[in-house]
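*Asks:* If you want the building blocks of each chain, they are given just below.
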Amino acid sequence: MFTMQEILTVSELTSQIKFVLEEGFSAVIVEGEISNFKAHVSGHWYFNLKDANAVISCTMWKGLNNYVFFTPQDGMKVHASGRITVYPPRGNYQLDVRSLKPAGIGDLQAAFEKLKQKLAAEGLFDIEHKRTIPEFPKKIGIITAIDGAALKDMISVAKRRFPLIELIIIPTKVQGSGAAEDIVDSIRTLNRHPELDFIILGRGGGSIEDLWAFNEEIVARAIYNSKYPIITGIGHEIDFTIADFVADLRAPTPSAAMEIATPDKDEYFAFINDFIYNSYQDIMNLIGNFQNRIYKSIDSYGFKIPIDLIRRNAQSLDNQIYRLTQNMDKIILRNNNRLTLISNKIEAHDINKPLKKGFVLVKQNSNYVQRVENFNLDKAAQLTFFDGAIEVEVKN
Amino acid sequence: MAKKIIKNSFEANLSRLEEISALLESNNLKLEDAISLFEEGIALSRICVNTLKDAELKVTELKKKLEDISLPDDEESED
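Residue numbers (the working numbering), protein chains in the order written: chain A, 1 to 396; chain B, 1 to 79.
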């Protein structure tokens, strides 16, 4: 420690004070009421924080006050976090504020409403900007705390509903100081991933302060600018955050977000069962229809035509045969007549007629003898009369 | 046609199944076409069911690069 004997220059003393203060108060959170608030044209903020008995001057630099979503007003109670800095030329110290939040729930509500109106006016909540969530996700980015119950819930829902997917989890601080920045960073990191279907931004239930990161303007803007759609599942049913309003889809809880994000495999099993049953019925109906058509065709007039044809032809065949036989009869009759005629003629030449008249037939050696010169006097001869034949011998 | 089932995505298989279902319902197919669609549908059903049954959820943890973490404030990480 310092001894009385040591003599220091002002600069040395100031430099030691600077070291002690800046080392000892490198990270503090101060609750106080804002007074003399000035937003300089440079973008820096200058104000005092005070309570009943003390005051401290504060600065908040341009790059950092971008992250404060409300415009501080004199009299507003806030929590300022930052570090003490000493400015040697003036010999004073001040609080270099790195983040600023309303201290009470009333202040938070006011700030929430203010930001909500501002972003709504800018069009960050517009329905037209909201993108549809694909029905069959393959890769889902998840922004949540790695050790939270929210993650466990989301994983078990995904396993139960649609295990065909891949969850890409990016462990993220979702509560307390720096959470908003970490969420923004996770959104940006996931946006560099080549093939996500969408992102779920999830966090389990908690107080309004616990969920505050999701009410920060930078988170809202990162969600709005995300290349991939974002589903929020933050807190419980009753909790609405700015992030919910900007998100493409809002679910009441992290597990509800996963429910909304994934199709249900049981529905597909049911669909496939129905398909097998119905398509079997369809096929059987189709076959039945064809059968009916076959039966109808067989019964139809068209199919009867050949039979009629056969019958008609059979009839004409019968006619033909009848006519043919008629003709045959005629021919036979005609020929019969001719035959009679001829036989009459033949009858006219009958051998018996001359025999009846008294002529005799002479036969020798079974030949008829028609000339005297042919008659052999030495042989027997047969004489045939009309009423019989005799054998004679010639006696010389 | 029914032999042409390759390893399509679950989504593609399912939408083909829906298509086949609608075609079969339309009831004005040739019998041979209907039967080959039916066979294709049954094969697709089997593939879809097996895909879902065999699926195992993949969980990947993405580590952020250190330089990606923009703001410090790491002293307040008590939550």
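Some hints could be false.
[To be verified] Below 30 Å or equal to it, Euclidean Cα-Cα: the simulated DSSO-like pairs (lysine-lysine) are: (1) B:Lys-30 <-> A:Lys-159; (2) B:Lys-63 <-> A:Lys-304; (3) A:Lys-118 <-> A:Lys-62.
[Unchecked claim] Output of the computed footprint for chain A on chain B, the stretches with three or more beta carbons under 8 Å from beta carbons of chain A: (4) 12-20; (5) 28-36; (6) 44-56.
The set of hints was computed from the structure by calculation and includes no laboratory data. Computed from a predicted model, the values in this text were never measured in an experiment. Glycine is no exception: its CB is placed at the ideal position from the N, C-alpha and C atoms.
*Asks:* Now, for every hint given, state plainly whether the structure supports it.
*Replies:* Outcome of the hint check:
{"no.": "1", "hint": "B:Lys-30 <-> A:Lys-159", "verdict": "violated (42 Å)"}
{"no.": "2", "hint": "B:Lys-63 <-> A:Lys-304", "verdict": "violated (84 Å)"}
{"no.": "3", "hint": "A:Lys-118 <-> A:Lys-62", "verdict": "holds (20 Å)"}
{"no.": "4", "hint": "12-20", "verdict": "holds (count 3)"}
{"no.": "5", "hint": "28-36", "verdict": "holds (count 4)"}
{"no.": "6", "hint": "44-56", "verdict": "holds (count 7)"}
The structure fails hints 1 and 2 (numbered hints given earlier, in ascending order).
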